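Here is how the chains run, residue by residue.
Number of protein chains: 2
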Amino acid sequence: MSCYIGIDLGGTNIAGGIVDETGRIILSDSVPTPHDCSSDEIMESIVKLAEELVNRSDVEKTDISGIGVGCPGTVDNENGIITYCVNIPMRKVRAAEYIESRLGIRVNLENDANAAALGEYYVNGNGAKSYIFITLGTGIGGGAVLDGKIYRGFNGVGIEAGHMTLVHNGEKCTCGKRGCWERYGSVTALINQTVSAMKANPSSRMSEIAEKYGEVNGRVAFEAAGMGDKAAQAVVDRYIEYVADGITGIINIFEPELLVIGGGISKEGKRLLDPVREYVHKNEFNRYMSKTRIETASLANDAGIIGAALSCASGFRNSVV
Amino acid sequence: MSCYIGIDLGGTNIAGGIVDETGRIILSDSVPTPHDCSSDEIMESIVKLAEELVNRSDVEKTDISGIGVGCPGTVDNENGIITYCVNIPMRKVRAAEYIESRLGIRVNLENDANAAALGEYYVNGNGAKSYIFITLGTGIGGGAVLDGKIYRGFNGVGIEAGHMTLVHNGEKCTCGKRGCWERYGSVTALINQTVSAMKANPSSRMSEIAEKYGEVNGRVAFEAAGMGDKAAQAVVDRYIEYVADGITGIINIFEPELLVIGGGISKEGKRLLDPVREYVHKNEFNRYMSKTRIETASLANDAGIIGAALSCASGFRNSVV
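Same order as they appear, the protein sequences are chains A and B. Heads up: the first sequence begins at 1 in our numbering, then just goes up one per residue. Heads up: the second sequence begins at 1 in our numbering, then just goes up one per residue.
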């Protein structure tokens with residue numbers, strides 16, 4: 001059976017795994033992402049992780065048909081170049097060439113959200129003809145799998161769903177534009193909204209939960225709301241409305257057979273999913289035809305490894321497999 | 001050479017034409033859309049228009065490979081059903097079956113914005129791998145042509161770009177949701193914005209131009225702005241920002257090779273295009289890779305006929321041609 005190596009390059013860790021063609025992880029591991037170093041050193045970490053995975057598994061190197069690397073930023077998939085990485089000092093790096101020359105295995109670079117979308121799709125997409133994956137995390141990432149293939153746009157940058165406008169002339173986003181969806185619907189935004197509500201409502205139970213975690217994180221408002229705290233419930237309600245309004249727009253555009261919500265906040269499950277579905281059902285454009293199914297992700301962090309690995313099956317730079 | 005008939009079903013007129021496989025119109029005509037009548041009578045008008053076109057042209061009926069009908073609303077392309085039409089009393093009508101049985105030619109139904117997108121794409125798309133068509137009219141319509149094929153979503157309703165949110169909790173839209181892009185960027189919205197500005201600025205030259213036309217239309221603010229009227233320029237500037245903000249979101253999502261703006265307002269040409277391009281260039285997410293080319297449409301009303309005709313080449317209901 002043909003296998004692939006999937007690498008999920010993150011700001012904190014580099015995760016990797018050997019994945020078979022059905023999307024099953026045979027062996028996985030991770031190493032810390034080196035900091036204050038050259039891009040060559042980061043690529044060496046990827047090479048060593050890949051070599052170790054092969055050495056520790058029963059899979060022969062000759063059975064590895066490709067290495068897919070999911071990168072948090074912009075990749076030039078056709079030319080094998082990491083154009084820009086968020087939080088990692090890699091700019092215009094010929095990463096595919098480098099890794100190929102060290103390992104003798106072909107490399108495909110992919111945006112990490114696109115890779116995660118493909119990973120989720122392979123394992124839980126039920127062969128949906130059109131599939132959208134939205135990750136609610138530090139930002140909002142998006143990936144589209146149409147007719148079984150990652151949709152990249154003509155330049156590899158698509159789809160950046162978090163950077164459609166939700167609030168015209170709203171808050172300034174890190175991308176430079178105002179009012180992007182991710183300024184309102186990301187976990188970062190939820191944390192900001194929670195902090196504001198805690199200041200305005202000092203007696204809210206959000207404070208005791210934040211103390212328990214030693215920080216204000218994305219769970220604080222949800223947990224306090226679950227305990228009946230009204231200020232927390234208001235934070236959750238407003239946050240979910242932001243999320244659901246953006247998802248409604250995405251559905252009105254793509255009308256996908258399946259839309260899956262991933263990222264840390266998706267672990268809230270029904271507490272997130274039920275009100276999102278209700279909002280979409282009430283507000284979506286489509287009134288007469290079959291409706292998009294909305295679910296939460298199931299693979300968590302493995303989606304990045306699996307998707308990066310299986311992205312190789314869609315072809316390598318300047319070639320068709 | 002294989003030919004098709006394209007029908008553009010509108011609330012006022014039914015336009016039709018015989019189109020060759022390169023997208024050239026051989027002969028076209030239009031008839032008024034019957035009102036206060038059954039859906040059968042509307043379909044009979046389509047049948048008669050098609051018959052007349054064949055009779056008046058040199059094309060033999062046996063050379064017509066299909067009839068494509070573009071409908072303003074939701075069509076069930078796979079089953080040949082007009083599910084819902086805006087301003088035309090057709091609900092759940094088995095239109096493909098009806099027209100096929102009367103003419104003996106296979107029928108494909110298509111959403112009118114999708115058909116217009118395909119028409120523009122065939123004639124002026126330069127084979128773009130990913131192509132988005134946005135029409136600024138009574139509402140905002142959208143169509144996507146990806147890898148040369150109309151993107152319909154899994155249920156035929158995609159893409160309704162005008163119904164992504166631009167202003168969270170903003171003005172109520174006819175679709176039921178609040179803050180849709182078309183409430184701010186359609187010609188209807190521009191007219192409302194013009195009327196408000198005329199009331200607030202009675203000495204503006206917008207009034208004399210509206211008098212000339214006998215109505216406030218989409219040209220009034222643009223013309224007065226061209227004469228140096230400041231209140232009109234403010235209307236135009238704000239309107240273009242709404243349009244450009246929505247287009248930036250669409251580009252951040254699709255990263256299409258080419259995005260074309262159609263509809264009446266696209267006739268403003270550079271006065272619309274230059275500031276839209278400037279806004280997008282400044283605000284789009286993509287900083288490092290090739291940029292989407294933005295143009296105005298060139299076919300005007302013919303796009304609907306040509307696209308409806310050529311949509312047949314993508315296949316008919318429950319079959320692959």
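Treat the hints with care, since some could be wrong.
One copy or any two copies: either way a pair holds, since identical chains are not told apart in the list.
[To be verified] Cross-link-like lysine to aspartate or glutamate pairs, in silico, DMTMM-like; alpha carbons within 25 Å at most:
1) Lys172 - Asp237
2) Lys129 - Asp147
3) Lys172 - Asp274
4) Lys172 - Glu78
5) Lys291 - Glu78
6) Lys92 - Glu257
No lab work stands behind these hints: they were computed from the structure. These figures come from a predicted structure and were not determined experimentally.
Evaluation of the provided hints:
no.: 1; hint: Lys172 - Asp237; result: both (23 Å within a copy, 20 Å between copies)
no.: 2; hint: Lys129 - Asp147; result: both (5 Å within a copy, 15 Å between copies)
no.: 3; hint: Lys172 - Asp274; result: between (30 Å within a copy, 24 Å between copies)
no.: 4; hint: Lys172 - Glu78; result: neither (32 Å within a copy, 43 Å between copies)
no.: 5; hint: Lys291 - Glu78; result: between (35 Å within a copy, 16 Å between copies)
no.: 6; hint: Lys92 - Glu257; result: between (36 Å within a copy, 22 Å between copies)
Comparing the model with each numbered hint stated earlier shows that hint 4 is the single one that does not hold.
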